[in-house]
Every structure is written in C-alpha cells, then in structure tokens.
Amino acid sequence: MTAPVLSIRNLSVALPAGGDRALAVKNVSFDVMPGEIVCLVGESGSGKSVTASTVMRLSPLTVAGGSIELEGEDVLKAGKTRLRQLRGGRMSMIFQEPMTALNPVHRVGEQVAELLRAHRWQGKGVSVEERVAQLFADVKLPDPERLLRSYPHQLSGGQRQRVMIAMALALEPALLIADEPTTALDVTTQAQILELLRELQRKRGTGVLFITHDFGVVADIADRVVVMRHGEVVESGRAADVLHNPQHDYTKMLIAAVPRLNPREARPLSGTPSLSARDLQKLYVTRGLFRGTREVRAVDHVDLDLYKGQTLGIVGESGSGKSTAARCIARLIAPSGGSIMLDGQDIANLNERGLHPFRRRIQVVFQDPYRSLNPRRTVGQSIIEGPLNYGISRDEALQRARQLMETVGIDAAALDRYPHQFSGGQRQRIAIARALAMEPEILVADEAVSALDVSVQAQVLDLLESIRDSFGISILFITHDLRVAARLCDRIAVMQHGRIVEFADTATLFAAPQHDYTKQLFAALPGRSWLEGRTAP
Amino acid sequence: MPAFLRHPAFRNPSVLIGGGILLALFIVTVCAPILSSLDPSAIAPRLRLRAPSEQYLMGTDALGRDVWTRAIYGGRISLLVAACVSVIAVSLGLVIGLVAGYIRWLDGPVMRAMDGLMAIPGILLAIALVSLSGANLTTVIVAITIPEIPRVARLVRGVVLSIREEPYVEAAIGLGTPTRKILVSHVLPNTVAPLIVQGTYICASAILIEAILSFLGAGLSSEIPTWGNIIAEGRAVFQRAPWIILFPGGLLAVTILAVNILGDGLRDTLDPRMKKRLGA
Numbered sequence: 144m145t146a147p148v149l150s151i152r153n154l155s156v157a158l159p160a161g162g163d164r165a166l167a168v169k170n171v172s173f174d175v176m177p178g179e180i181v182c183l184v185g186e187s188g189s190g191k192s193v194t195a196s197t198v199m200r201l202s203p204l205t206v207a208g209g210s211i212e213l214e215g216e217d218v219l220k221a222g223k224t225r226l227r228q229l230r231g232g233r234m235s236m237i238f239q240e241p242m243t244a245l246n247p248v249h250r251v252g253e254q255v256a257e258l259l260r261a262h263r264w265q266g267k268g269v270s271v272e273e274r275v276a277q278l279f280a281d282v283k284l285p286d287p288e289r290l291l292r293s294y295p296h297q298l299s300g301g302q303r304q305r306v307m308i309a310m311a312l313a314l315e316p317a318l319l320i321a322d323e324p325t326t327a328l329d330v331t332t333q334a335q336i337l338e339l340l341r342e343l344q345r346k347r348g349t350g351v352l353f354i355t356h357d358f359g360v361v362a363d364i365a366d367r368v369v370v371m372r373h374g375e376v377v378e379s380g381r382a383a384d385v386l387h388n389p390q391h392d393y394t395k396m397l398i399a400a401v402p403r404l405n406p407r408e409a410r411p412l413s414g415t416p417s418l419s420a421r422d423l424q425k426l427y428v429t430r431g432l433f434r435g436t437r438e439v440r441a442v443d444h445v446d447l448d449l450y451k452g453q454t455l456g457i458v459g460e461s462g463s464g465k466s467t468a469a470r471c472i473a474r475l476i477a478p479s480g481g482s483i484m485l486d487g488q489d490i491a492n493l494n495e496r497g498l499h500p501f502r503r504r505i506q507v508v509f510q511d512p513y514r515s516l517n518p519r520r521t522v523g524q525s526i527i528e529g530p531l532n533y534g535i536s537r538d539e540a541l542q543r544a545r546q547l548m549e550t551v552g553i554d555a556a557a558l559d560r561y562p563h564q565f566s567g568g569q570r571q572r573i574a575i576a577r578a579l580a581m582e583p584e585i586l587v588a589d590e591a592v593s594a595l596d597v598s599v600q601a602q603v604l605d606l607l608e609s610i611r612d613s614f615g616i617s618i619l620f621i622t623h624d625l626r627v628a629a630r631l632c633d634r635i636a637v638m639q640h641g642r643i644v645e646f647a648d649t650a651t652l653f654a655a656p657q658h659d660y661t662k663q664l665f666a667a668l669p670g671r672s673w674l675e676g677r678t679a680p
Numbered sequence: 100m101p102a103f104l105r106h107p108a109f110r111n112p113s114v115l116i117g118g119g120i121l122l123a124l125f126i127v128t129v130c131a132p133i134l135s136s137l138d139p140s141a142i143a144p145r146l147r148l149r150a151p152s153e154q155y156l157m158g159t160d161a162l163g164r165d166v167w168t169r170a171i172y173g174g175r176i177s178l179l180v181a182a183c184v185s186v187i188a189v190s191l192g193l194v195i196g197l198v199a200g201y202i203r204w205l206d207g208p209v210m211r212a213m214d215g216l217m218a219i220p221g222i223l224l225a226i227a228l229v230s231l232s233g234a235n236l237t238t239v240i241v242a243i244t245i246p247e248i249p250r251v252a253r254l255v256r257g258v259v260l261s262i263r264e265e266p267y268v269e270a271a272i273g274l275g276t277p278t279r280k281i282l283v284s285h286v287l288p289n290t291v292a293p294l295i296v297q298g299t300y301i302c303a304s305a306i307l308i309e310a311i312l313s314f315l316g317a318g319l320s321s322e323i324p325t326w327g328n329i330i331a332e333g334r335a336v337f338q339r340a341p342w343i344i345l346f347p348g349g350l351l352a353v354t355i356l357a358v359n360i361l362g363d364g365l366r367d368t369l370d371p372r373m374k375k376r377l378g379a
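Top line first, the protein sequences correspond to chains E and R. The first sequence begins at 144 in my numbering and counts up by one. The second sequence begins at 100 in my numbering and counts up by one.
The set of hints was computed from the structure by calculation and includes no laboratory data.
Pairwise CB distance ranges, derived in the manner of DEER restraints:
#1 658(E) / 203(R): 36 to 42 angstroms
#2 444(E) / 204(R): 25 to 31 angstroms
#3 186(R) / 566(E): 38 to 44 angstroms
#4 215(R) / 566(E): 47 to 53 angstroms
#5 204(R) / 657(E): 44 to 50 angstroms
Computed, partial: chain R to chain E, Cβ under 7 angstroms:
#6 265
#7 269
#8 270
#9 274
#10 285
#11 288
Even glycine gets a Cβ: it sits at the ideal position worked out from N, Cα and C.
Could you put the whole structure together from the sequences, leaning on the hints where they help?
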C-alpha cells in the first residue's frame, strides 16, 4: 500500500479569544494519497480554509493539537528553513484571487523563474528560462513567449490562474493545495481550469487538496470528499458515495440546496408589460489627451419586457453587460440611447428631479451584502431612509420596517443593530426589506445571491419567490449562474458582449439551447452529469 | 464618565502625551496674567540682558522686558492662530472637497484651481498678502489658511471618490435620497477621522509659519509679543544673551512636537486603514 502524501491526524486549531467558538478546527483527520483529489467542502466559517493554510503553516492561528505529516515528515515540527524548502518544493498552494497572489510590478515569467532560483532548481541541461517556458506551455497558456513578458494586469483572470498553477507545479510538489481556485472565475473559464488541473495532476501523480463550497465542482473532480461544518469533519468518503448517498444530515442539506437543473414551467404572461426597454444602449467613451477615443459598447441594442409577477433572468459572464443593463433600467446610470417605458412614461432620459417619483417603483438588491448597507447606520435607519424621502412619517416608516423584518425572517428587535452584527444571508434579507419598504413594482436583483453560501442562497431564493408571489412584483434577476436562474426565472435572456444572444422560456432554454454561447455555458456547468442525474425531484 | 472618553483614542499613549502637553500649554497661556505680574511690553533699560534667575525665569531681552512673560503671552497668539487656521482650513477644504468629489462636472475646474494654489509657496503667499493689507491678526490667519485649504480639499475629495462608488451610496440614490442628504449622512461621516488627523498637522504647520512670518518681519508688528517676534529680536544679541532665543524656540519646538505626537496617535486610533495595517 502506498503511503499518503498528506496525513492529518486529530488536528485542532485555536481561534483567538472572543471568537464565536474556541477552536477553528477541531479533531480533524484525513489523508490525501498520491494522485488523488480530495475535496474539502463546507460553507464559510466551516474551517476548511484554516485547515489548508495550517498545512502550509501560513495561518497565524495557533495549533492546539494533532499532527500534519507531509510524506511522513511532521510539518508542525519543521523549522523556518525547512518550511521554506517544503513550501513550493514539496507542497504548494493556489489561491482564490490570482490578481492579488501575483506581484503586480513584476513580469509573470520572472516571478516563476524567481521561485525556481530561490529553491536552487537544477534541471538536467535545461535552463531556468527554458523550464519556465515549458511550464507555461504545460498549463496551456496561449503564446507563452509573449505572456512570459507580461505583467499580471495584462492577463485575463483565467490566464492568471494558469500562471499560478504553473508556479505551484514548477518544483513538482507532492501536494497541491487549491483554495477555491475557480470561485472568482467565469463558468466557462472555471471548466477549463478544472480540466487542466485534473489533467496535470493525473500526469504527475500529485496529491491535491481542493477546497470548495460548490458540489458541482466536487462532482466534476473529486476522488474523495471531506465535508466540514463548524470546524469538524461530519462526513468523508468516496466522491460517488457522498454525492449519491450522503449519510450525514448536514451533507444531505448541502446537496439538497444545490439548485436542481429542472427548470420551472414559465407561467403565462398576462396584460401589458409593467416595464419595457427598447433598443437600450450604454456606451463608455474614454478620451485620452494623448490617445485616441476609445469606445466600449457595454449594452448594445437590448430589448426587454418585464411582466407583473414574473421573473426575467439575465444570464451572462463577467463583461457581458448584464449588470450595466440592469443599472440602466434601475436608472442608477443613464443609458446612452433607447427607451425605458414605465407606465407610458419614458424614464431613460429623465433627470434626477424627474426620476424622483419613479425611483420608488424600481428597487435594487445588490450583490455584496457587506457593502450595500452603510456600516455606520443601524439597520432600521437604512430601511426607513427611502420611505422618509417620500414624505412618510418616521413612526409609520418604522412600523412598516418592523413588519418587513418579520416578512424577511429577522426579529424586528434587530432594527437597532448595525450591519456587522448580522451574517451575510441576514444582511441580504435586510437589503431586500429595504427595497420592499418602498413598495416597488419592480425588483432588480443584481447577482443578489452570488456572494452567499449554497444553503443560504437557497433560502434567499425562496424568500424572493415568496415575495414576488405575495406582493405581485416583477423581478429582474441578474446572475452568472444558470443553476440559480433555473430555480427562480420564468424567462431567461442570455447576454454576451452587450447583446442578448438568446431569449426563451427557462424550460425551453434548458431543453434545447439554440445559440452556441448558450450551449457553451451549459457544457461548462460544474457537475453537469451529476446534476442531470438528479433532476427528478 | 462621558461616553466619548471611553473611545480607544483616549487610551493611546501618543494621544495622552501630546494632548496633555497641549492642554498644559493652553492653561499656561490663558493664565498668563496670573503666572506673571509683569507687563510683557514694559521696557526697563536698566534691567536689560539679565541672565535667567529666580526673578526672571528666562532672563530679560535687549529692552529689559521679561522673556518668560513675553513667551507666555506670545503663546496665546500661536495657539489662537493654530486653532483658527485649522478650523477654517478644514471647514473650507471640506466643503470644496465634497463638492469637487461628488459633483462630477465641478471636479476638474475646482481641483485645477486647488492645484494652482498648491503651486504657490505658502510663506511667499503669506508675505504677499500681509504686505498688501497690513499685518494684523486676521491677515496673518487668512494668509496661513489659504495654502492649507488645497491639502484638505484633496484629502476629502479622495475619500468622497472612494465612498461614492460604495454600493450603499448607490442604494441611497436608488432610494430617492437627494444628493445633499447623501453627502451629509453617507459621505461626510467617513471624512471625519482623516480630517481630525489632518487638522492636527495643519495646527503644527500654522504655528510654525506664524513664527516664521513674525521672524521675517512679515507677521504681526514687533510690539506684539509672539514667539517669532521674540526670536527675531533676540537674534541681534544672540551671542551675549542666547536665552532670548532658546526659551521661546524651545517652547515652539515642544508645541509642534506635541501637536504631531497627538496627530500620530489620532491617526492610529481613528483611521481604520491604519488600524488594519497595525493589526490592532
């Protein structure tokens, strides 16, 4: 029997005093065998990232007990010099955000070469430069000769992550730790990176510890799965077993929360649209003093109709113009052309004064619940801000705020607290309550669930659905995630390069995508075959 | 104990030391008539250039005036100028910075005007203004304030530019909140901490520039005791009576040091970005 690359036994890591629990990681044990991908799954705060950074000894937290053995050597007992040799040499790590993990002032090729030199890398008849070029070719970077001399900001997110992988694999480590390496990437890029990781890892026999919160990704790449909750391992086993036959209730809950791929039937349209955008355009023009004029068409001739009580989804990757379109419709920015009809009035070209009566009818829920509430104001102040602007008395506004807090499932007594005292999911509920306080007809949800854990995501989606049905409002739902869109939307518009490339009922779109780009998006869905296997409720 | 005294700023040693020294100086200058029975302008030629003694703590100057009395009366001018300049510069800079940062089309013209002001050396501008309209306290304060305004305006504009991109400001726009109210309730609170810090540095530089103006003869008239004037008059007899320069010079140095220590302490405790960097 082969020895494990990484063997963690009874690992406990202490949190600083005053944390929400005494141990960040409690009695965690698992192995990573050579040539195996082990997925560490859990929600935020489950201790999965702490476990990984403790293996690398990068975590500032103190280890309270247990052992971490890398190829039989106890990492926790290694001295500073030995640790430096181990890091990069025998184990290496790739991070979620490749922009911040690379030094912006050095060329990427030089950064990889620097690593080789620091570890006194000796190739048989191969120079450091040749080795770097070979690594860049291995991670399938296009035009490696040119990219070697590029700076990080000149590369796309996917390319940067490929450079990080090249760097991590440069010294052929026995263990690769990947901490949510694809979370910040678009779906199609994510699929490519996952494929690359799997291919390189098979070829080299590297053991991989892959941290993720996405069961789709797990289904795609994991050999074995370790599920963590509140710092403890609740379930572990072969990927197929855990995915198809989860034992622990928590695992079952996490898997149940993954949106199914059976889209809802679109409910019939009735009456006239409550809002209709025609020929909507947004151009960004930059005029440099010494450069020519550059023009970017963020939104290019977009037509949308939003019906009462319906959810219209806009799906696209970053840079597709979906958020810009939504912000034009909510009139947070002024469109460059086209019309937005609301009740027979074109609001596309109104100034702030003219917009005032329309503002309360379209409300926005933003992506990042940590930043969309002013940290210096109480939740109550945030919720009543809008109603006060429309001449509603303070008492009445507070009364309504209390009701709304109940509606979104938070204790009304919490109105006097500040945003930092709530979890991400609760904050998003508060942001929804703030939008509802205006009694809008249209709710624009701009990636409103993207920053949330899967289980919380499911709850917020349920909330949005029940609000739509009980208040009879229309929702314009912007997302990059087809799975999420399937769950809530009646109709979906797929956007690419500022244009709507496909528009159809959700069911029709899922059954038979027409446009090539839509097909690509479906093909890139993580865990597609697993999801399809469990579409039946 | 009032609530604001529980703020971490009041546990920071720099804040306590710097603030303590300034408070002591303030009390001494306010109580000048009690601490000295002499008239700061009374000339006594027979007592000229006396070395420091029990009777004349800091000696006497070339006209026989008591340096201690003159120094503590002079401190009044220094502290008054410092307080006025920092309050006026911060208020005006705040308004200009808010307007420039939030109202897009005003940003260019306003900030270029500020750049223009910054290009003029502060002391030169002060000398020009004082020579145009005569040396009284108001002119001196105005002269020192004007070059400080662009610094504050730039600082505030920077904060406004970063805050206006925050989703919560965008949310407020979506809630129909008028621009004026967004500035006051969402943007303004974020500028308070950096402004307090900047205010203390302006204080220090105002004291110094006032002293330099007096020393150069471009400040308040030489009959009024200010630290700069005392030092300027002592320059001629420096070899024979160094105490005339050393004592007010020392006071000047201590005051500026105290203000800067206070400013550093406030920066560490009030500016959240610094807090993160220090890991506190």
